[in-house]
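So the protein lines, in turn, are chains L and Y. Per the working numbering: the first sequence = residues 1 to 500. Per the working numbering: the second sequence = residues 1 to 500.
Treat the hints as calculated values from the structure; they're not laboratory data. Heads up, a few of these hints could be off.
Pairs involving identical chains hold if they fit within one copy or between any two copies, as the list cannot separate such chains.
In silico DSS-like links for lysine-lysine, alpha-carbon gap of 30 Å or less [unchecked claim]:
#1 Lys495 <-> Lys28
#2 Lys31 <-> Lys364
#3 Lys73 <-> Lys31
Number of protein chains: 2
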Amino acid sequence: MQKATSVVEQIHTFFEPRSVAVVGASKKITKAGHVIFKNFADNKRRGIFKGELYPVNPHESYILAFKCYSSLKEVIGDVELVVVVVPAEEVPQIMQEAANKHAKAAVIVSGGFGEIGNHQLEDEVKAIAKKAGIRILGPNCLGVYDSSTGVDMLFLPETRVLTTGEEVVATPRPRIGPIAVVTQSGAFGVAVLDYMAGEEIGLSKFVSFGNKIDVQEPEILEYLLHDSQTRVVLLYAESISAGREFMEVAREVTKCKPIVALKSGKTEAGARAALSHTGAIAGSDKIYDSVFLQSGVIRVRDTEELLDASEALAFQPPAAGNNIAIVTAAGGPAIMAADECESRGVNIKRFSDETQQKFEQLKKEEKIPSFATNYNPLDLTGSVTSEMFELGTRILLEDPEIYGVMVFGLHHSPALQEDYVDRVANLSKNYLKPVLACDIGETEMAAYIRGRFDKLGVPSFSSPEDTARAMAALVHYGLYLKKNGYYEDYIEQFKQKVRT
Amino acid sequence: MQKATSVVEQIHTFFEPRSVAVVGASKKITKAGHVIFKNFADNKRRGIFKGELYPVNPHESYILAFKCYSSLKEVIGDVELVVVVVPAEEVPQIMQEAANKHAKAAVIVSGGFGEIGNHQLEDEVKAIAKKAGIRILGPNCLGVYDSSTGVDMLFLPETRVLTTGEEVVATPRPRIGPIAVVTQSGAFGVAVLDYMAGEEIGLSKFVSFGNKIDVQEPEILEYLLHDSQTRVVLLYAESISAGREFMEVAREVTKCKPIVALKSGKTEAGARAALSHTGAIAGSDKIYDSVFLQSGVIRVRDTEELLDASEALAFQPPAAGNNIAIVTAAGGPAIMAADECESRGVNIKRFSDETQQKFEQLKKEEKIPSFATNYNPLDLTGSVTSEMFELGTRILLEDPEIYGVMVFGLHHSPALQEDYVDRVANLSKNYLKPVLACDIGETEMAAYIRGRFDKLGVPSFSSPEDTARAMAALVHYGLYLKKNGYYEDYIEQFKQKVRT
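Please construct the entire structure, taking both the sequences and the accompanying hints into account.
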């Protein structure tokens with residue numbers, strides 16, 4: 001009988017094991033057991049993975065210069081975590097060996113269980129693990145990736161060689177950063193990693209659940225609540241079976257860390273697809289709406305919004321009230337953003353007389369164009385300069401009735417120098433109000449402007465509506481924190497973690 | 001009194017004038033009059049712009065080696081089109097000179113009219129033009145860009161020099177292609193051009209209206225109806241004042257060319273922003289819904305959908321019925337797509353028994369994985385190969401109850417070679433059913449796969465929901481054509497123009 005350990009301690013083994021055995025490690029490059037073992041071996045050589053590492057395979061003596069063991073039993077020393085990459089029917093035996101070895105945790109990467117109707121095998125594995133006190137992630141999953149501890153079970157290599165002989169990045173691992181990715185679908189999970197790497201958004205931890213026969217969302221959320229690296233949780237789910245536990249834990253987490261959730265299987269066709277995917281019964285979509293709402297989870301509608309809202313929440317403070325200002329170099333995009341805000345319940349109120357007068361004064365001083373419109377949006381027109389953007393944004397951030405600002409500085413504006421990005425970003429650091437930016441386009445200057453905003457901590461987006469949706473997440477989360485009395489503590493934490 | 005000309009002839013002058021005078025042409029690189037004149041001069045030197053070109057400016061003798069005229073009157077020879085880039089108060093006089101010169105059309109780029117309350121000046125200009133039979137585009141607009149005739153009035157240079165001394169693409173001109181862009185907002189218009197250039201989507205014609213004191217949407221649409229290069233019209237509007245005419249013309253256009261429209265100013269805040277932008281009264285949004293629906297215009301909800309739907313309609317046939325199949329390498333993204341389809345009124349029906357049996361047969365023959373699910377989506381799982389994608393897609397395209405296919409071939413799938421793109425694309429050419437593809441991610445392999453699909457005429461998208469929305473446009477347009485008896489003719493045209 002093992003000594004009782006906390007959930008956090010148990011889950012910690014998946015992310016920072018002192019010793020790992022990869023059962024099914026292989027020399028053959030096409031095998032998942034090769035890629036996973038090589039990830040660990042590479043990270044150990046680089047000094048990132050600091051635990052002991054054991055390949056297990058009865059047919060090999062050495063793998064990548066590591067002595068290979070014919071079974072778990074042969075390994076001399078402790079094995080805290082077992083990564084299982086053998087055919088499904090062999091898994092029960094491996095789990096028994098893991099039990100004998102007093103392993104604490106196992107990640108079963110192998111498929112061929114409940115998802116194809118093989119529930120009996122799943123039950124067998126579960127029974128062994130439960131008796132031995134082994135926590136299981138999976139089966140049928142991608143497992144864990146942790147950029148700081150070097151745990152990397154993604155059996156998809158970072159690069160691939162095309163038939164032309166060229167090597168290209170295929171499954172990149174994002175840099176270390178504030179966003180944790182928790183996903184039922186492994187494929188969608190790696191797609192998110194690819195997106196984050198391309199956008200240079202940092203990752204704290206990645207977990208893919210697969211069939212979730214043991215560890216589920218609530219336990220991972222509890223772990224992430226205590227993980228100092230994670231500031232935002234990005235969650236993809238097709239079903240959440242542990243509903244009550246989920247709600248309890250989510251309520252605790254969202255006091256100090258936003259959870260952004262995409263729940264699919266909303267419609268009849270989607271639910272049928274989900275059923276044949278992981279055997280999950282998607283359940284009434286309205287129940288999920290209610291669960292998320294009550295526990296402060298921000299539910300998003302699609303992939304883009306999931307990524308954008310997570311990024312916004314990771315780098316900007318939530319809004320302390322529901323009224324957002326728009327400052328723009330062009331009318332059209334500002335109208336689209338205003339439309340999207342209103343349709344998401346975010347107010348774009350007409351500026352106060354006092355604020356309008358400040359802009360009128362700037363017109364008199366010829367510091368902004370006389371033909372600028374200043375009701376909200378503040379439209380500085382195509383004649384906008386960097387100085388005007390800075391002046392305008394400062395007045396909006398100073399307005400006590402305005403709780404956040406969206407900056408639409410289209411790079412086409414002839415007199416606008418790129419230093420407006422730095423001016424706006426530096427200015428925004430003096431206020432605890434969210435600032436987001438937008439520039440539209442897919443060629444060099446657009447990418448440069450967005451990249452520069454992102455680097456300076458102001459998330460930027462490539463369409464007005466995306467920007468508005470990200471702001472909606474900041475507003476709705478802020479309102480939740482306010483309503484429940486968590487806002488002050490959250491902002492204090494934000495100041496310490498993001499603004500120092 | 002000029003001889004009466006048709007609307008098409010009149011509008012044609014904006015796109016392919018035999019002679020152009022740029023009034024307000026300048027040597028100073030920061031001036032709009034410089035950029036516009038240089039665009040024409042460059043295109044004339046390259047042999048793209050074939051008309052006569054005259055700079056008009058009383059203070060210069062030569063501009064870019066072209067003899068400069070002190071006024072329109074001094075120009076020897078005809079001037080069909082006058083581009084006006086002088087301060088607003090000088091415009092009436094220029095218009096009078098244009099009238100004396102028997103000009104057919106004028107683009108008034110200059111701002112300072114109705115958008116800042118200067119309606120009297122606008123009326124004055126209108127009166128002169130009407131009397132002389134001159135058609136006007138603008139004022140306060142970007143005018144026209146036509147990639148094949150070399151007419152380029154965009155006063156935003158293609159590249160910009162950053163403060164670091166590096167030159168980057170800032171306002172790219174897309175390649176020649178099938179999509180016409182018609183926009184009330186110039187700034188949004190060039191943002192669309194930037195997007196199209198980055199995505200390598202071709203442009204036929206670009207028109208920015210500005211204050212629309214004369215030429216409006218209906219006349220441009222009528223012109224585009226007869227323009228052989230244009231296959232799809234992308235329309236951005238904040239208001240459409242010529243409602244009845246719009247509906248009449250749109251009905252004619254959508255018989256053979258889809259119009260994809262983004263109408264902003266939908267909400268109260270958006271409408272207020274629109275009012276202060278172009279003075280447009282946005283009107284009840286439901287009226288627009290009804291106008292678009294009755295005239296077969298596809299109304300989209302945001303910027304991304306506007307671009308995606310336009311691309312899909314330019315390169316794929318509309319669906320002949322409402323039932324779409326999904327074939328995928330991963331469950332999660334397929335569920336999201338199914339959800340989005342259903343919520344947009346697109347059916348993802350369970351496959352017929354016959355089609356299911358074909359997949360069961362493939363399983364028996366070990367040509368697709370035994371654990372693949374085949375109800376719709378067809379989930380070929382992470383074990384998918386190029387051959388499986390080809391086999392699966394063929395069976396779906398052969399099914400008479402299926403009217404289109406979405407292919408989710410995530411590039412992470414270990415055994416999937418990139419030639420699956422070519423197999424699917426080549427296969428799709430044998431059917432008159434829409435095929436769209438999706439790969440998620442922002443690094444090299446994702447971009448490579450999407451680029452390869454696009455090049456082969458299968459539009460590809462970076463999220464499941466984007467793909468579903470683009471397919472929804474193909475379904476709804478197809479149903480409109482079917483209902484009104486236009487489908488057969490449309491498909492015949494599509495075969496001739498796209499598939500040869």
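Quick rundown of the hints versus the structure:
Taking the shortest alpha-carbon separations for lysine 495 and lysine 28, neither the intra-copy value of 49 Å nor the inter-copy value of 48 Å comes in at or below 30 Å. Taking identical chains as interchangeable, the C-alpha atoms of lysine 31 and lysine 364 lie at most 30 Å apart only when they sit on different chains, with a minimum of 24 Å there against 71 Å within one chain. In this assembly of identical chains, lysine 73 and lysine 31 lie within 30 Å of each other by CA distance solely inside one copy; the values are 23 Å within and 79 Å between copies.
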